[in-house]
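This is what each chain is made of:
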Amino acid sequence: MRGLQLPLSQTQRTRLQRAFEKLQSLSSKANSDASVTVADTIPVNYEDAFLKGHGTTELNGELVATVCGVVERINKLVYVRGLRARYKPEVGDIVVGRVVEVAQKRWRLEINFSQDAILMLSSMNMPDGIQRRRTALDELNMRSIFEENDVVCAEVRNFQHDGSLQLQARSQKYGKLEKGQLLIIDPYLVKKSKSHFHHLEQFGIDLILGRNGFIWVGEHVETRDSMVVDKPNSSEQSMVLEERNQTHTPLEMRQNICRVANAVRVLSTLGFSMDADLIMETVELSSSLKIDIHDMLGSEFHVLVAEREAERRSLMGKRRR
Amino acid sequence: MVGLSVGEKHFIQGGIAQDLRSDGRKRLTYRPIYVETGVIPQAHGSERVRLGATDVIASVKAELGKPSALQPDKGKIAIYVDCSPTAAPMFEVVFALAGRGGEELSTELSLALQRCLLGGKSGAGAGIDPASLVVVEGKVCWDLYIDGLVISSEGICSMPLPLLLSNTGIPKVDVEAETKGDDQPEVSISDEEFLQFDTSGIPVVVTITKVGRHYIVDATSEEESQMCSAVSISVNRKGHICGVTKRGGAGLDPSIILDMISVAKHASEQLINKLASEIAAAEASEEES
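Protein chains in written order, with full-length UniProt numbering: chain L, 1 to 321; chain P, 1 to 289.
Just so you know, not all the hints are guaranteed correct.
Here are the simulated BS3-like pairs of lysine-lysine, each with C-alpha atoms no more than 27 Å apart in a straight line [what the hints assert, rightly or not]:
#, chain 1, residue 1, chain 2, residue 2
1, L, K176, L, K194
2, P, K9, L, K176
3, P, K61, P, K76
4, P, K274, L, K290
5, L, K179, P, K26
6, L, K88, L, K76
7, L, K290, P, K26
8, P, K9, L, K173
9, P, K9, L, K179
10, P, K74, P, K26
Worth flagging that the hints you see were computed from the coordinates, not collected in a lab.
Bear in mind the structure is a predicted one, so any value in this text is a computation, not a measurement.
The task is simple: from the sequences and hints, build the whole structure.
This is how it looks when you write it as structure tokens:
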């Protein structure tokens, strides 16, 4: 059953099976018939002129899929979107990446794409917030902004002519992410939505859903407005740096971070799309049932979440009608 | 292995210090272990175990053979662990460079297992009693071949050494029916009757990783990158220590090792119970299917 690596008992297995069947029957879109595996024929009206896209090939006069995935049709283009594929970036996407290399006037970030993304020094705000030309000194001090293995949040700016990706981190909400944990899930589970930055107020936690499948869960950081130049702030910052080495995240916030992270892990194992509301509901479900944080990764909770989701979708469907 | 930023490392260390790891576990809690028995039908006993991202298959085969002249009243046991190049990228890369990264680890693990299971040179403290493997003294004995294959591994220290051993808890060894004659007794192997192996003496290996000032059990690869050092301690059901192996990292004060041993004894009780229940569940589901 989707190769779930969970020790499920017999009753749990049947319950999970039932929940998945219910979910499948509820997905009313015509696309539910459009999932294909390799060498399946794609139903196309051969009289219309259509364009063969990625993941398809013509074999014996028929259009056949070459990857396992879902058939997508956009105007005349017919292509197969693979499910476990790497992230396919679009301009304006929010991504979370890890710095792999500090190169000349740029940083290279790994974002689960076929190539490393580039973050130019000029696309990054200077620490003092002043807009100015980047000098050679700035270039030498790049490491003080981002080092290797730092986790960075940025936005996709454009594609270069050679296919590589350029990022920008001009706004205050982008930048280095600390005090938290990074989770890696499949990119297709994060759909494009209005906002990818979620500040969970009642927990005091930042949740950033990167479209490349990197999810950041961490302590809330106040975004300062860089246009307001405060001289006293610079001395404060250096002090905070030393303090940070001694103070750890408080226990309660850490528990909340772990709960949210486990909720994300459970949802990704079950293959449900990531959504801040869904994650919050899962967290509330676990705390209302007084489930231990670690037991959230156990088989019982997985089955409960699947059943809850099936219930929720059937209710939503009924409401629409 | 993917690197970690300073902020993340700090977070992990803070978590361990506060007894709340990244996935909510306590310091001495194991992740769920997934056990499947009977994966290799040709072997007398086999098992596949998954713990986190680590996946290991182990099997036991028994053959009739002649005991060695030095120890005519004992059977023979051969233990070998193989790390396949697909297990972790580092195995593959070194392999391609005509070095053999996986082999080093294989020999290390095989030796460690041999020490736990077979005891010292004199045979003292062995997990499996070789004397129980003899059929006709001096002439015929059972040769046990215990093999492990690491399919995928997440971190060296978190190798599920304990799990390989739980497999040897279930070999089904044929009982031979007759013997006669002086020089070469004739032995017929019964296909129906099976002798269950005595597994009460088999130890379980617990790997304790020291991060900062605290000890954790079952480290993920991120936590392992933060470790000072790790010690693998094999403990059997009676609480006796069967072997201690120190792995990598910094040097350790002897008092710390003694401390770790007591922690390991405590953690091994839970692990043994957990494994026993998992194996029982796996066998039950195997019988159903």
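* Asked: Quick one, are L:K176 and L:K194 close enough, alpha carbons at most 27 Å?
  -> holds, 22 Å
* To do: Take a quick look at whether P:K274 and L:K290 sit within 27 Å of each other, Cα to Cα.
  => Holds, at roughly 23 Å.
* **Pair hint L:K179 and P:K26, alpha-carbon separation not exceeding 27 Å** => holds, 20 Å
* To do: Could you grab the alpha-carbon distance between P:K9 and L:K176 and see if it respects the 27 Å cut-off?
  => Given that 27 Å is the threshold and the Cα spacing comes to 14 Å, the pair holds.
* Pair hint P:K9 and L:K179, alpha-carbon separation not exceeding 27 Å -> holds, 9 Å
* Given the proposed pairing of L:K290 with P:K26, does the C-alpha separation stay at or below 27 Å? -> holds, 17 Å
* Are the Cα atoms of L:K88 and L:K76 separated by 27 Å or less? -> holds, 20 Å
* Asked: Regarding the pair P:K61 and P:K76, is the alpha-carbon distance no greater than 27 Å?
  -> Holds, because 12 Å separates the two Cα atoms, which is no more than 27 Å.
* Quick one, are P:K9 and L:K173 close enough, alpha carbons at most 27 Å? -> Holds, at about 22 Å.
* Restraint check for P:K74 with P:K26, where alpha carbons must lie at most 27 Å apart -> Measuring from Cα to Cα gives roughly 44 Å; hence the hint is violated.
Consistency note: the structure conflicts with earlier hint 10 alone.
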